[in-house]
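A.B. asks: Sequence:
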Amino acid sequence: MTTFPRLPRRDPEVVTENNEPLATANWLPSARVLKALAWNEGDTSTDSAVLLGWLPNTAGERQNVGYDDDRHIVTIAGSRAGKGDGLIIPNLLTYRGSVVCIDPKGENASVTAGYRAKVLGQTVHVLDPFRVASVPDEVRGELNPIDWIDPESRD
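So in the working numbering the end of the sequence shown lands on 155, straight run, no missing numbers.
Just so you know, the hints here were simulated from the structure itself, not pulled from any lab data.
Glycine residues also receive a C-beta, built at the ideal position from the N, C-alpha and C atoms.
Please note that the accuracy of each hint is not assured.
In silico DSBU-like cross-links for lysine-lysine, where the CA-CA straight-line distance does not exceed 30 angstroms [unchecked claim]:
no. : residue 1 : residue 2
1   : K105      : K83
2   : K105      : K35
3   : K118      : K105
4   : K118      : K83
With beta-carbon atoms standing in for the labels, derived distance ranges [as the list claims (entries may be wrong)]:
no. : residue 1 : residue 2 : range
5   : N144      : A25       : 15 to 23 angstroms
6   : K105      : N26       : 16 to 24 angstroms
7   : D137      : H72       : 49 to 57 angstroms
8   : D147      : N26       : 16 to 24 angstroms
9   : E107      : D70       : 21 to 29 angstroms
10  : L55       : D150      : 25 to 33 angstroms
11  : V132      : K35       : 37 to 45 angstroms
12  : R154      : D69       : 39 to 47 angstroms
13  : V119      : N19       : 28 to 36 angstroms
14  : Y67       : D155      : 54 to 62 angstroms
15  : N57       : V100      : 43 to 51 angstroms
16  : E142      : N26       : 28 to 36 angstroms
17  : G86       : E138      : 27 to 35 angstroms
18  : C101      : S153      : 44 to 52 angstroms
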């Protein structure tokens with residue numbers, strides 16, 4: 001079995017030319033994260049926010065933390081790390097904007113497609129050629145790219 005040595009949080013021997021430590025970074029305190037990114041469910045101004053997680057607020061209660069921006073977010077983590085249960089499914093249940101979700105196992109669609117259609121009132125199309133998702137028939141979509149070919153076209 002391989003063991004790795006514990007590294008000190010800040011090595012006093014690693015310094016700049018001005019004798020300042022190189023490793024001075026710290027995690028942002030929870031209070032500052034909550035001040036910048038806190039949002040409450042039901043608040044219509046957060047309908048476009050992406051839920052990132054939660055932190056305890058000053059009363060010790062669970063406070064959602066989200067990101068309200070029009071830029072993309074990428075989630076990268078190892079297998080079984082909780083991406084689906086902890087981030088993707090909660091966002092599919094709360095985010096009111098358009099979503100393209102690549103879901104080869106059909107797990108996200110099975111949990112959220114009916115809710116997005118019935119409760120959020122959205123038009124939902126689940127492209128599931130192998131029928132792995134457990135979704136209502138009314139949200140199953142079809143796509144045949146061969147239909148786009150114009151036999152009369154010279155292209």
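A.B. asks: Each hint should be assessed against the structure and marked as holding or not.
C.D. replies: Results for each hint:
1. K105 <-> K83: Cα-Cα ~14 angstroms, so holds.
2. K105 <-> K35: violated (37 angstroms)
3. K118 <-> K105: It holds: about 22 angstroms lies between the C-alpha atoms, which stays within 30 angstroms.
4. K118 <-> K83: Holds. K118 to K83 sits at ~25 angstroms (cutoff 30 angstroms).
5. N144 <-> A25: 15 to 23 angstroms: This hint is violated: roughly 52 angstroms between Cβ atoms.
6. K105 <-> N26: 16 to 24 angstroms: This hint is violated: roughly 38 angstroms between Cβ atoms.
7. D137 <-> H72: 49 to 57 angstroms: At 32 angstroms between Cβs, range violated.
8. D147 <-> N26: 16 to 24 angstroms: violated (56 angstroms)
9. E107 <-> D70: 21 to 29 angstroms: holds (27 angstroms)
10. L55 <-> D150: 25 to 33 angstroms: violated (55 angstroms)
11. V132 <-> K35: 37 to 45 angstroms: 43 angstroms Cβ-Cβ, so the 37 to 45 angstroms window holds.
12. R154 <-> D69: 39 to 47 angstroms: Holds - the Cβ-Cβ distance for R154 and D69, about 44 angstroms, lies within 39 to 47 angstroms.
13. V119 <-> N19: 28 to 36 angstroms: violated (60 angstroms)
14. Y67 <-> D155: 54 to 62 angstroms: violated (42 angstroms)
15. N57 <-> V100: 43 to 51 angstroms: violated (33 angstroms)
16. E142 <-> N26: 28 to 36 angstroms: About 52 angstroms separates the Cβ atoms of E142 and N26, which means 28 to 36 angstroms is violated.
17. G86 <-> E138: 27 to 35 angstroms: 29 angstroms Cβ-Cβ, so the 27 to 35 angstroms window holds.
18. C101 <-> S153: 44 to 52 angstroms: violated (33 angstroms)
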